[in-house]
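One-letter residues, chain by chain:
Protein chains: 2
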Amino acid sequence: MLASYHGYILDLDGTIYKGNEAIAESVHFVHALAERRIPHVFLTNNSSRTPAEIAEKLKRMDVPASAGQVYTSSMAMAAYVREHWGVQRPPVRAYVIGSRGLVHALEEIGVVFTDEDPDAVIVGIDRSFTYEKLVKAQRALLNGAALLATNADRTIPSENGYMPGNGSIVAAIATAAHVTPTFIGKPERWIVEQSLSLLGTPKAETLLVGDNYDTDILAGINAGVPTLHVDTGVTPAAELTKKDHQPTHSLTNLDVKLLGL
Amino acid sequence: MLASYHGYILDLDGTIYKGNEAIAESVHFVHALAERRIPHVFLTNNSSRTPAEIAEKLKRMDVPASAGQVYTSSMAMAAYVREHWGVQRPPVRAYVIGSRGLVHALEEIGVVFTDEDPDAVIVGIDRSFTYEKLVKAQRALLNGAALLATNADRTIPSENGYMPGNGSIVAAIATAAHVTPTFIGKPERWIVEQSLSLLGTPKAETLLVGDNYDTDILAGINAGVPTLHVDTGVTPAAELTKKDHQPTHSLTNLDVKLLGL
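Residue numbers (UniProt numbering), protein chains in the order written: chain A, 1 to 261; chain B, 1 to 261.
Worth flagging that the hints you see were computed from the coordinates, not collected in a lab. Any given hint might turn out to be false.
One copy or any two copies: either way a pair holds, since identical chains are not told apart in the list.
Simulated pairs of lysine-lysine, DSSO-like, Cα-Cα distance not exceeding 30 Å [claimed, not checked]: (1) K243 <-> K57; (2) K136 <-> K18; (3) K136 <-> K57; (4) K257 <-> K18; (5) K242 <-> K257; (6) K242 <-> K57; (7) K59 <-> K243; (8) K59 <-> K242; (9) K257 <-> K136; (10) K59 <-> K18; (11) K203 <-> K136; (12) K59 <-> K203; (13) K57 <-> K203.
Starting from the given sequences, assemble the full structure and let the hints guide the process.
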């Protein structure tokens, strides 16, 4: 049954690895995809790293990967900004709260970084977030800037357990300015459709694989892409029954048997 | 009509002064209350200053006031913690995010300040809020601490326009830990009932005066205390018609004629 998919969109944390530890079945699975030249991309809401850095991390874990196979919420943000504002002269001005991965993606499309009268406030996870940054974001938004956020994750996994995710930073900013953010990452359609273009396979023949119901599985459901829930991360399989919309498939973990092997 | 009230609960910012500028009619009004020995307290959601500091500010503006007449959301928080946890041995342990006014009020009731396994995370406006503080708050809450917040104000007025209020800081924390905060300040009943005890007048004979519908007027409505809206601050009188529940009275400003003078 799963053997009929011609492309795979694979979540990372909780699906391919947990923190700094690879999930053995998933490593084996990605090797099988690579050997058979089945198109696949890694799709992550993590906005803090560049695709090259994430590919390096994967390779250190013996997961075959190139930067061109990694699609992040920062890249989806850059694509959104480019499509939304077009190619402008003068270019888009943004007040950016975020880490290297987001800055890198926005630099590539020529965004001007400024806190003086920006067109948009663009927010990704930022472990050096402060009240002062909140003040600048609020002021820009009250002056009419748009609020764009890479993702709404409440928490992020870390070596020391859960840490506050970008959703919590965005909540502070949205509350202070009384505005509704535009989210880009999973579970939004936008990021899934962008990764599909990268992959080049039709929706119905592509499988989106992830552990987190609220981000991964809902992303597939929202974009009309078949989904596989794996019980190796955030959402236990037992919780799926409580959900209104079910993933297309649900399995204990990623296994090469699913490819008909 | 208004002359029949025997006690007054007066909001500060937007009602007695705007930022650092006194509202002339209100200064005159407070003088009239003081001369006639009509009981009155100043009730503010501002948690950053001590009552002595606020009384000093009022006196600099020629508003007669003593520290004993000022009731802040920090004082209401201390009263809540004392009532909720009682007099404990060992005392209540709290991770506190906030300013001098909140620290002062909690010190007075013997709270132990710690980020190690606290009973509560207590949050007031903190202009030195950081991601690191958010991390500590989240960890404490995921370990079972209660989340208490002085107030939910999205914004606070300042010399430079609006600044992010405590509600925005609390939004970040509540989102990261996926918990619902307990709010203490206006529009909650608790703070109004505490200020009534200080005043000593019955609810029906006490008038709560304020400019902000969502904090002041709703506080009175929630606590069952008659209210007077003044059109000198946040909520324009024209907006009142859109509200489900109306203040008892609405006037352009505080005027001694209201006391039958």
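To see whether the hints hold, each was checked on the structure:
{"no.": "1", "hint": "K243 <-> K57", "verdict": "neither (33 Å within a copy, 55 Å between copies)"}
{"no.": "2", "hint": "K136 <-> K18", "verdict": "between (35 Å within a copy, 23 Å between copies)"}
{"no.": "3", "hint": "K136 <-> K57", "verdict": "between (34 Å within a copy, 28 Å between copies)"}
{"no.": "4", "hint": "K257 <-> K18", "verdict": "within (22 Å within a copy, 70 Å between copies)"}
{"no.": "5", "hint": "K242 <-> K257", "verdict": "within (28 Å within a copy, 62 Å between copies)"}
{"no.": "6", "hint": "K242 <-> K57", "verdict": "neither (35 Å within a copy, 56 Å between copies)"}
{"no.": "7", "hint": "K59 <-> K243", "verdict": "neither (35 Å within a copy, 59 Å between copies)"}
{"no.": "8", "hint": "K59 <-> K242", "verdict": "neither (37 Å within a copy, 60 Å between copies)"}
{"no.": "9", "hint": "K257 <-> K136", "verdict": "neither (52 Å within a copy, 44 Å between copies)"}
{"no.": "10", "hint": "K59 <-> K18", "verdict": "within (15 Å within a copy, 60 Å between copies)"}
{"no.": "11", "hint": "K203 <-> K136", "verdict": "neither (41 Å within a copy, 42 Å between copies)"}
{"no.": "12", "hint": "K59 <-> K203", "verdict": "within (28 Å within a copy, 70 Å between copies)"}
{"no.": "13", "hint": "K57 <-> K203", "verdict": "within (28 Å within a copy, 65 Å between copies)"}
Violation of the numbered hints given earlier is confined to hints 1, 6, 7, 8, 9, 11; the remaining hints are satisfied by the structure.
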